[in-house]
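Take the given structure of chain A and dock chain B to it, following the hints.
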Amino acid sequence: MTALRFALRLFRRDWRNGELRLLALALVLAVTAVSAVGFFTDRVGQAMELQAGEALAADLVLSSHNPLDPRYQRKAAELSLESAQTLAFPSAVLHDDRTRLVMVKAVSDNYPLRGELRTRDAPGAQERRATQAPTSGELWADARLFADLAVAVGDSLDLGEQRFRLAAVVSRDSGEASNMFRLGPSVLMNLADIPATGLVTPASRVHHRLLIAGAPGQVQAYRQWAEKNLDVGVKLNHLSNARPALRNALERGGRFLGLSALVAVLIASAAVALSSRRFVERQADASAILRCLGATRPLLVQVLLIRLLLLLLCASSIGLLLGHMGQLVLTEMVARWFTTELPPPGLYPLAIGVGTGLVTLLGFTLPPVLRLGSVPPLRVLRRDLEVAPVASWILALFAFAAMALLMLWQAGEAKLALLVMTGALASTALLLLTARLMVALLTPLRHHSNAIWRYGLAGLARNPALTSLQMAGFGLGILALLLLTLVRTDLLAAWERTIPDDAPNQFLINIQPQQVEPLHNFLQQKNAGQNAIYPMLRARLTQINSGAVSPQTYDDPDAQRLVAREFNLSYAKRMQSDNRILQGHWWSPAELDQALFSVEQSLARRLRIELGDRLVFDLAGTPIEGRVSSIRSVQWDSFQPNFFVIGTPGLLEKLPTSYITSFYLQPGRERLLSQLVQQFPSVTTIDVAALLQQVREIMARGAIAVEYVFLFTLFAGVLVLYAGIQASREHRRQESAILRTLGLKRRQLLFATMIEFLLLGVLAGALASACASLTGWAISDQLFALEYRFNPLLWLAGTLGGGIGIAVAGVAATWPLVIHPPLQTLRGG
Amino acid sequence: MVVDSTPLRARRLSKSIAAPAGRIDILRSIDFELAPGEAVAILGASGSGKSTLLGLLAGLDDASDGEIELFGRELGRMDEDSRSLLRAGRVGFVFQSFQLLPGMTALENVMLPLELAGTAAPRRRAEEALEQVELARRIHHYPSQLSGGEQQRVAIARAFATRPELLFADEPTGSLDQATGGRISELMFRLRREIGAALLLVTHDAHLAQRCDRRLLLQGGVLEAA
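Protein chains in written order, with my numbering: chain A, 1 to 829; chain B, 1001 to 1226.
Derived from the structure by calculation, the hints contain no laboratory data. Bear in mind the structure is a predicted one, so any value in this text is a computation, not a measurement. The C-beta atom is built at its ideal place from N, Cα and C for all residues, glycine as well. Misleading hints may appear alongside valid ones.
[Said to hold, decoys possible] Listing some non-contacts, in silico: residues in chain B with all C-beta distances to chain A over 10 angstroms:
1) R1023
2) E1069
3) I1139
4) R1163
5) L1191
6) C1212
[Unchecked claim] Some residues of chain A that are not near chain B, with every Cβ distance over 12 angstroms (derived):
7) T2
8) Q73
9) P90
10) R118
11) T201
12) T296
13) L378
14) A595
[To be verified] Partial selection, computed: residues in chain B whose CB lies under 8 angstroms from chain A:
15) G1055
16) S1064
17) G1072
18) E1074
19) M1078
20) D1081
21) L1085
22) F1093
23) F1095
24) M1104
25) L1112
26) L1116
27) A1117
Next comes chain A alone, as it looks inside the complex (with noise of 0.2 angstroms):
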């Protein structure tokens, strides 16, 4: 009891006077950091988890790429089963001279089978539970549409060769709920009505769905039979393992956006550290007497621990109510991708943001706390007596536990910590070592200046190894700095470099054969300069040499994904001028006939394939079988029509193809593409304009949310600076006293401090700039491949702006010290 009202008392002044602040500033930072992030990922992923139950409108999905077995349908109704179907495909609807991609949605007349549809008469009329779904002749469309192209319930819409009547504006369909993140507006329509509009062919790109529901025993019958009888290409989706790469996606966002976070608590932890060295030194003197008047070691500590949970209590409180606030600009940012309101957060941010605070404050307090328990009470009468140091190794064995055991809890997986604590522990070890190395390279200096300067040399010698601290620290501040402003302007500059301004904007996929020269000759009538016009198949991948390929042959997720689905082959006689043979050669002239593929560099190296390995595909139950002549590169972002596996015209030509080209619609000519729409209705356009500004979107607003996420990184920044200025305080309160009465003039010891401190800016700047420079060459070269181009404004900004900023910032927090009367500070006042 008398530990906790000591501590209360004590707690009381602390806070009064001021004395935990700047301790209780990192720590409010590093809670706020990791809670906003903890909040925003819970509710994201909440909202997945309350909508995986309606996300498939039944409680079995069958999916896949071709119209599914009759059988699996005449399975559900032996089981006394219900049974929907739905086809999905993008297209483009057409209303007046206006178009726009669309998803299109068939559904059969008993959708859904599970969850509901809701629907209005009107966007923002009142909502009401449809009984059915479209009839025929019907369309119903998200208010997206409506807005988009102006149109109102009533309004005749063209899809494909039909004329349908838009009918309904739909706010919730239970089904649609999976597609958390949309492209474009969906449109409802009958499964009945499909093949009047003619943009089903057998080579189309849709999604057959089969929708399954009924007693569970009956389901979970079905679900065993279907995974013991799946067709290869079909997939079977229930509750449990529904939108597994969205929700892969998301986690890695989380997990990225925590590991941001956690940048900023590693670098508020290093203001955590430099403020508790403070404290410590502070508190001495009240350990000593309260030591002299009775107090045992056990109760000082206790009553010191006491303080500081006291303290991380107020700091988290203030730190997630922060960092609640925080998450909302977060989910801001991302609110529109989501068709549902995101659900409140849960409590785990809570725990995930206090967790935080108290392994922080523990692994970068507790050893040198400790040791004031030991502060010698003969303090009392000799000043002189220090708490014996606690030693390094301690020191540094705390801050790696405290900060591997924040990684894992972060990264989530072992490797994924060892990699961004080998990163954090290189550069740090780093700057402190290069820092150190400038102090000493310095020093010799100090013999050929005169008084002033050689005190403010002096100063930088004073504690080398707070000096260092103080260096990194500003060193880190500065680099947030750089990194936000002006690395990611030049990243994004040449990101935007590599994209042309004529790139193609307009993908036309679906393009029968009997299309393609009369598609050709409208786009050259109207100078449209679009692009060859390509075949293209969906295949496969069975074989490869003797080895039946199945995603089991594979540990890699994504080459499991790969085998697992069909992709697009093609056939030509001549390479694309955007690809490049690594391996082996194009075919000659001579070897068209001959049965050879190319295969695109990635994803040889994925599936592991050779040159001169033999592969086989089934196309449609065809199987078509070639050796490997060539491993080709390709500039995917080139925005042409490219493909994973081109084969020989000879091998592929004689099969069901269909045909994509792609073309650039100069702004102002859209009109182009209602025309298009409606002399090729079957074939669909995607207009990667809006797709690309969509991307360009999704791309700014993620960045913005790692800006935003790195802003407390920036704040940490300027916290350790704040923390290193006042880590020297006391010994410049006392220095400035004695020079004082020694008659040095205010003005002088300014500018003995200004030196010192500029110093100190200019080399952390040079320092922060070194590295920023490192880290954008760093993210475009070896991660995006793009070219990077040296900036000099970041070496000018680091060095000047960091020598400046930091002069200033000294000079202002020694200023107080400086006019502080010598006499009062010479007695101790």
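Showing chain B alone in chain A's frame:
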């Protein structure tokens, strides 16, 4: 059974420190005894080892050799925490540099030893102690808001609040002007008389030492009658 009521006794007490030039003996085989209620002044030049001796006798530091008994308990056989517990409530301190906690008010500073000793109603007792040193109106002031004399009066209130049996004072007027120092010493001796506490005073002020029952001179590491 005879109960030894001597609050402080030292036998063959020595203190040496290692220095680059060799071992330095600060205190050499000192024998010393303080009777209950007795006031003893230890005089000596600066650097003679007066404060070192006070620190050893109060159990704030370890001797190189010899024995110290505080309230009949031998300090050499006790760890630091046991010594702290022994001091709590029974020993008071007054220092030259006051040693008040800067973040605490006068009242809170005085309450500290009372709470550590587990005394009932610590606030009331602290208020009374501050009243005795005529600081009742300044109990909520921080040390930085008080003059040197006032700070020392708070330190005296803190030292006497637990009604200790033994008081250690290290140059209590050393940081004060003559007039203020005179008032402070008057106050300290008056309070000591009231509670009958023994006093060990370390000073180089001969006038202050005159107020004690006995005066000893520390010279060359040896204690002798002044």
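A cut-off of 12 angstroms on Cβ-Cβ distance, and T296 of chain A was said to be off the interface with chain B. Does that hold?
Incorrect as stated: the minimum Cβ-Cβ distance to chain B is 4 angstroms, not above 12 angstroms.
Let's test the interface hint: is any C-beta of chain A closer than 8 angstroms to that of F1095 of chain B?
For F1095 of chain B, the interface hint holds, since the closest Cβ of chain A sits about 6 angstroms away, which is under 8 angstroms.
With 10 angstroms as the threshold, tell me whether E1069 of chain B passes as away from chain A on beta-carbon distances.
Fine: 18 angstroms to the nearest Cβ keeps E1069 of chain B off the interface.
Taking the minimum C-beta separation from T2 of chain A to chain B, is that value above 12 angstroms?
violated, 6 angstroms
Beyond 10 angstroms from every chain A Cβ - status for I1139 of chain B
Label holds. Min Cβ-Cβ 15 angstroms, cutoff 10 angstroms.
Are D1081 of chain B and chain A close enough, Cβ to Cβ, to be under 8 angstroms, as the hint says?
holds, 4 angstroms
Can we keep the L1112 of chain B interface hint, with Cβ of chain A closer than 8 angstroms?
holds, 6 angstroms
Min Cβ distance, L1116 of chain B to chain A: is it shorter than 8 angstroms?
holds, 5 angstroms
Regarding the assertion that L1191 of chain B does not contact chain A, is the least Cβ-Cβ distance greater than 10 angstroms?
Consistent with the label, L1191 of chain B stays out of reach of chain A, its closest Cβ about 17 angstroms off (over 10 angstroms).
Using the nearest Cβ pair, does G1072 of chain B come within less than 8 angstroms of chain A?
Because about 17 angstroms separates G1072 of chain B from the closest Cβ in chain A, which is outside the 8 angstroms limit, the hint is violated.
So, A1117 of chain B near chain A? Judge it on the closest CB pair being under 8 angstroms.
holds, 6 angstroms
Is the Cβ of P90 of chain A more than 12 angstroms away from each Cβ in chain B?
Label holds. Min Cβ-Cβ 69 angstroms, cutoff 12 angstroms.
Going down the numbered hints, you'll see the structure goes against 7, 12, 13, 16, 17, 18 and 19, while the others check out.
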